[in-house]
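Just so we're aligned, residue 26 is where the sequence shown starts under this note's numbering, counting upward by one.
In short, the hints are calculated from the structure, not lab data.
Glycine is no exception: its CB is placed at the ideal position from the N, C-alpha and C atoms.
Take these hints with a grain of salt, some might be off.
Quick list of in silico lysine-lysine cross-link-like pairs, DSS-like style, CA-CA up to 25 Å [said to hold, decoys possible]:
1. Lys136 with Lys113
2. Lys136 with Lys125
3. Lys43 with Lys33
4. Lys125 with Lys113
5. Lys33 with Lys64
6. Lys136 with Lys95
7. Lys113 with Lys95
8. Lys43 with Lys64
9. Lys125 with Lys95
DEER-style ranges, computed between Cβ atoms [what the hints assert, rightly or not]:
10. Trp138 with Ile35: 42 to 48 Å
11. Ile50 with Glu74: 33 to 39 Å
12. Thr88 with Asn29: 44 to 50 Å
13. Glu126 with Arg60: 33 to 39 Å
14. Lys64 with Leu117: 33 to 39 Å
15. Thr100 with Arg60: 26 to 32 Å
16. Val139 with Asp38: 23 to 29 Å
17. Phe48 with Glu74: 33 to 39 Å
18. Gln97 with Phe30: 37 to 43 Å
19. Asn28 with Ile52: 21 to 27 Å
20. Asn28 with Asp121: 17 to 23 Å
21. Glu27 with Lys136: 49 to 55 Å
22. Trp138 with Glu68: 55 to 61 Å
23. Gly59 with Leu135: 44 to 50 Å
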Amino acid sequence: MENNFHAKGIVDDAVKIKTISMFLIDIALLWWRGRTTDKRQGEIGTWQEFQCELNGQFYPEFTEEEAWAKLQRVTQRGTVGEYVREFKELMLQVSDVTEKEVLLAFQNGLKLWVR
Numbered sequence: 026m027e028n029n030f031h032a033k034g035i036v037d038d039a040v041k042i043k044t045i046s047m048f049l050i051d052i053a054l055l056w057w058r059g060r061t062t063d064k065r066q067g068e069i070g071t072w073q074e075f076q077c078e079l080n081g082q083f084y085p086e087f088t089e090e091e092a093w094a095k096l097q098r099v100t101q102r103g104t105v106g107e108y109v110r111e112f113k114e115l116m117l118q119v120s121d122v123t124e125k126e127v128l129l130a131f132q133n134g135l136k137l138w139v140r
């Protein structure tokens, strides 16, 4: 979404939140409606707060650790392109790792002849 906001020149947090909320469906939409009508919780003021609350609601706490563990175990089984795609999908779920850790995990997963 950040890329879309950047491309459209959307920098205001309130506009980002309003834009995203238009695309929520099913349980996420029910959560948002409840969240915006519950005065006890206070208003979400920033895009960062919105992301944190949404992730906290729908993104299990252990998911990031699980993704990092998978990243360290994933190996190239087919083509390099397939491995890169699988690695990138897992990387989307991980945030607090260094570039060196990522590079090491990536290299370790490659077939020996590719390294």
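Quick rundown of the hints versus the structure:
As the CA atoms of Lys136 and Lys113 are separated by approximately 17 Å, the hinted pair is consistent with the 25 Å bound. Pair hint Lys136 plus Lys125 holds up; C-alpha atoms about 19 Å apart against a cutoff of 25 Å. Distance check on the hinted pair: Lys43 and Lys33 sit about 14 Å apart at the alpha-carbon level, within 25 Å; holds. Proximity of Lys125 to Lys113 is assessed by CA-CA distance (about 15 Å); at most 25 Å being required, the pair is judged to hold.
Proposed proximity of Lys33 and Lys64 is contradicted: the alpha carbons are some 32 Å apart, above 25 Å. In summary, the hint linking Lys136 to Lys95 is supported, as the alpha carbons are separated by about 17 Å, within the 25 Å threshold. Annotation: proposed proximity of Lys113 to Lys95 holds, straight-line Cα distance about 12 Å (limit 25 Å). Distance restraint check for Lys43 and Lys64: the Cα-Cα separation of roughly 18 Å lies within the 25 Å cut-off, and the hinted pair is therefore satisfied.
Between Lys125 and Lys95 the alpha-carbon distance is near 17 Å, which keeps this suggested pair within the 25 Å criterion. Taking 42 to 48 Å as the suggested C-beta distance range, the pair Trp138 and Ile35 conforms, at roughly 46 Å. Between Ile50 and Glu74 the C-beta distance comes to about 21 Å, which lies outside the given range of 33 to 39 Å. Taking 44 to 50 Å as the suggested C-beta distance range, the pair Thr88 and Asn29 does not conform, at roughly 23 Å.
Checked against the hint of 33 to 39 Å, the pair Glu126 and Arg60 passes, with Cβ atoms roughly 35 Å apart. Judged by the Cβ atoms, the range 33 to 39 Å given for Lys64 and Leu117 holds: they are separated by roughly 34 Å. The hinted window of 26 to 32 Å between Thr100 and Arg60 is violated, with their beta carbons roughly 41 Å apart. Here the CB-CB span from Val139 to Asp38 is close to 43 Å, at odds with the stated 23 to 29 Å.
About 18 Å separates the C-beta atoms of Phe48 and Glu74, a value inconsistent with the hinted range of 33 to 39 Å. About 32 Å separates the C-beta atoms of Gln97 and Phe30, a value inconsistent with the hinted range of 37 to 43 Å. As the Cβ distance of Asn28 to Ile52 is approximately 25 Å, the hint placing it in 21 to 27 Å holds. For Asn28 paired with Asp121, a C-beta distance near 21 Å keeps the hint of 17 to 23 Å intact.
Roughly 34 Å separates the CB atoms of Glu27 and Lys136, a value that falls outside the hinted 49 to 55 Å. At about 56 Å, the beta-carbon gap between Trp138 and Glu68 stays in the expected band of 55 to 61 Å. Distance hint for Gly59 and Leu135: a CB-CB separation of about 46 Å, consistent with the stated range 44 to 50 Å.
Checked against the numbered hints listed earlier, the structure breaks hints 5, 11, 12, 15, 16, 17, 18 and 21; every other hint is satisfied.
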